[in-house]
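Heads up: the protein sequence lines correspond to chains R and Y, in order.
Residue numbering for the first sequence follows my numbering, starting at 1 and increasing by one per position.
Residue numbering for the second sequence follows my numbering, starting at 1 and increasing by one per position.
Just so you know, these hints were derived from the structure itself, not from any lab.
Each hint should be verified, as a subset may be incorrect.
[As the list claims (entries may be wrong)] Taking CB as the label site, the calculated pair distances span:
1. Y/Asp247 / R/Arg142: 34 to 42 Å
2. Y/Arg101 / R/Ser147: 15 to 23 Å
3. Y/Arg64 / R/Glu143: 37 to 45 Å
[Claimed, not checked] To spell it out: a stretch of chain R is covered by chain Y in this simulated footprint if at least three of its residues, at any positions, have a beta carbon under 8 Å from a beta carbon of chain Y; those stretches are:
4. 127 to 133
5. 137 to 143
Built from N, CA and C at the ideal position, the CB exists for glycine as well.
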Amino acid sequence: MKRSHPVRRAVLAGAATVSGIVLLLSLKPGTDPGAAAAAGGAAPPAAARSPQGGRDTPGADAGAGTVLLGDEVRTPYGPVRVRLTVSGGRITKAETVRAPGGGRSDQVTAAAVPRLNQAVLSAQSADIDAVSGATYTSAGYRESLQSALDRADG
Amino acid sequence: MADPAAAPLRHVEEVMGTVFSFDVRGGEPAAVRAALGEAVAGLHRADEVFSTFRADSQISRLARGELTVGQCAPEVAEVLELAAEAERAGEGWFSTAYGGRLDPTGIVKGWAVERAARRLAAAGARGVSVNGGGDVQLLGTPGARRPWRVGVSDPLRPGGLAAVLSAAGTAELAVATSGSTERGAHVVDPRTGRPAVTDLVAVTVVAPRLTWADCWATAAFARGSQDGLRWLESLAGVEALLITAGDEVRCTDGLASWLG
Numbered sequence: 001m002k003r004s005h006p007v008r009r010a011v012l013a014g015a016a017t018v019s020g021i022v023l024l025l026s027l028k029p030g031t032d033p034g035a036a037a038a039a040g041g042a043a044p045p046a047a048a049r050s051p052q053g054g055r056d057t058p059g060a061d062a063g064a065g066t067v068l069l070g071d072e073v074r075t076p077y078g079p080v081r082v083r084l085t086v087s088g089g090r091i092t093k094a095e096t097v098r099a100p101g102g103g104r105s106d107q108v109t110a111a112a113v114p115r116l117n118q119a120v121l122s123a124q125s126a127d128i129d130a131v132s133g134a135t136y137t138s139a140g141y142r143e144s145l146q147s148a149l150d151r152a153d154g
Numbered sequence: 001m002a003d004p005a006a007a008p009l010r011h012v013e014e015v016m017g018t019v020f021s022f023d024v025r026g027g028e029p030a031a032v033r034a035a036l037g038e039a040v041a042g043l044h045r046a047d048e049v050f051s052t053f054r055a056d057s058q059i060s061r062l063a064r065g066e067l068t069v070g071q072c073a074p075e076v077a078e079v080l081e082l083a084a085e086a087e088r089a090g091e092g093w094f095s096t097a098y099g100g101r102l103d104p105t106g107i108v109k110g111w112a113v114e115r116a117a118r119r120l121a122a123a124g125a126r127g128v129s130v131n132g133g134g135d136v137q138l139l140g141t142p143g144a145r146r147p148w149r150v151g152v153s154d155p156l157r158p159g160g161l162a163a164v165l166s167a168a169g170t171a172e173l174a175v176a177t178s179g180s181t182e183r184g185a186h187v188v189d190p191r192t193g194r195p196a197v198t199d200l201v202a203v204t205v206v207a208p209r210l211t212w213a214d215c216w217a218t219a220a221f222a223r224g225s226q227d228g229l230r231w232l233e234s235l236a237g238v239e240a241l242l243i244t245a246g247d248e249v250r251c252t253d254g255l256a257s258w259l260g
């Protein structure tokens, strides 16, 4: 695989994943224009255009957005519902609200959370300070998300 | 400038075959800048002392029996002691004796990053983020109203993130990832001396100190998803995210508390 991954491609990849995951969750349509567009698979989340995309957005804002409740999804591990908080067109929180209980299933359910997290947070809108990943070479660094962060003003 | 103290001090340094990124907030500017210089010098010194690629490094000379630990820089004894502790906790999956030869490479980078970060915090910085080639040590906070946030890169979707972790509510957090994507299969199974046979493409470990997070990520990667997850779950104060070659994501029960 070629190692070049400009940020633009990251956003496209993120958007593609969003469509898949959001369809899977079958969120109630019409509750939020951003989520509805994403559910249609036609557009990326409005995250990049978010007015709250500044680096100093306090985390507390995450609780202030619109809350979308996913339909119950039957999985091999039991029924699961996902609750998304959307604020300023951007998904700020993703959590499972009904999880199957007991042993091994718990791990699988917990695993669904970062999966979703990944799907909804494109690198540009995630408001992050650093990126953790397999050790890069100096050449790999130049095309990494971390190098983009290092060039940021804020 | 509204608040000069809040402006981040950023620095990028190429050392140890990778790139270190510093993001330092707050503190008295002159003191913090001086500490940054010392921290960077400390990374280069660690590379000189511990590099197994340099025949004249102290670690190479120690391995050949030309030096004793007592004749080496004090950091050598410190790192070897930490490495011995990691080997004990790693249940045979973390080693500093590959092919019978002394090689503490697996612990040096995490230790060096953590030391650099602590040096800056000790100089009065309010928030410190040091990323050593993908392994991050966070101390303090970047701002009064905001915690440090770290993206975990998704090895199967280049440029994408598998998760975002937040250091909210803690003064120290480290995020270390061991994987096979950027530099090929660089994790060695200590039992065979060969590249680890694993179903994982990445393991990310979250713990207070990068010295340990880095070791545990390496050991868990070699163990594979099932055994690795079970072992990580048994470690106190350690959470983890594992991504398999089959694109499955597994994580420890407590990881959700760090998702941001």
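How the hints compare with the structure:
{"no.": "1", "hint": "Y/Asp247 / R/Arg142: 34 to 42 Å", "result": "violated (27 Å)"}
{"no.": "2", "hint": "Y/Arg101 / R/Ser147: 15 to 23 Å", "result": "violated (34 Å)"}
{"no.": "3", "hint": "Y/Arg64 / R/Glu143: 37 to 45 Å", "result": "holds (38 Å)"}
{"no.": "4", "hint": "127 to 133", "result": "holds (count 7)"}
{"no.": "5", "hint": "137 to 143", "result": "holds (count 4)"}
Figure legend: structure checked against the earlier numbered hints; hints not met, in rising order: 1, 2.
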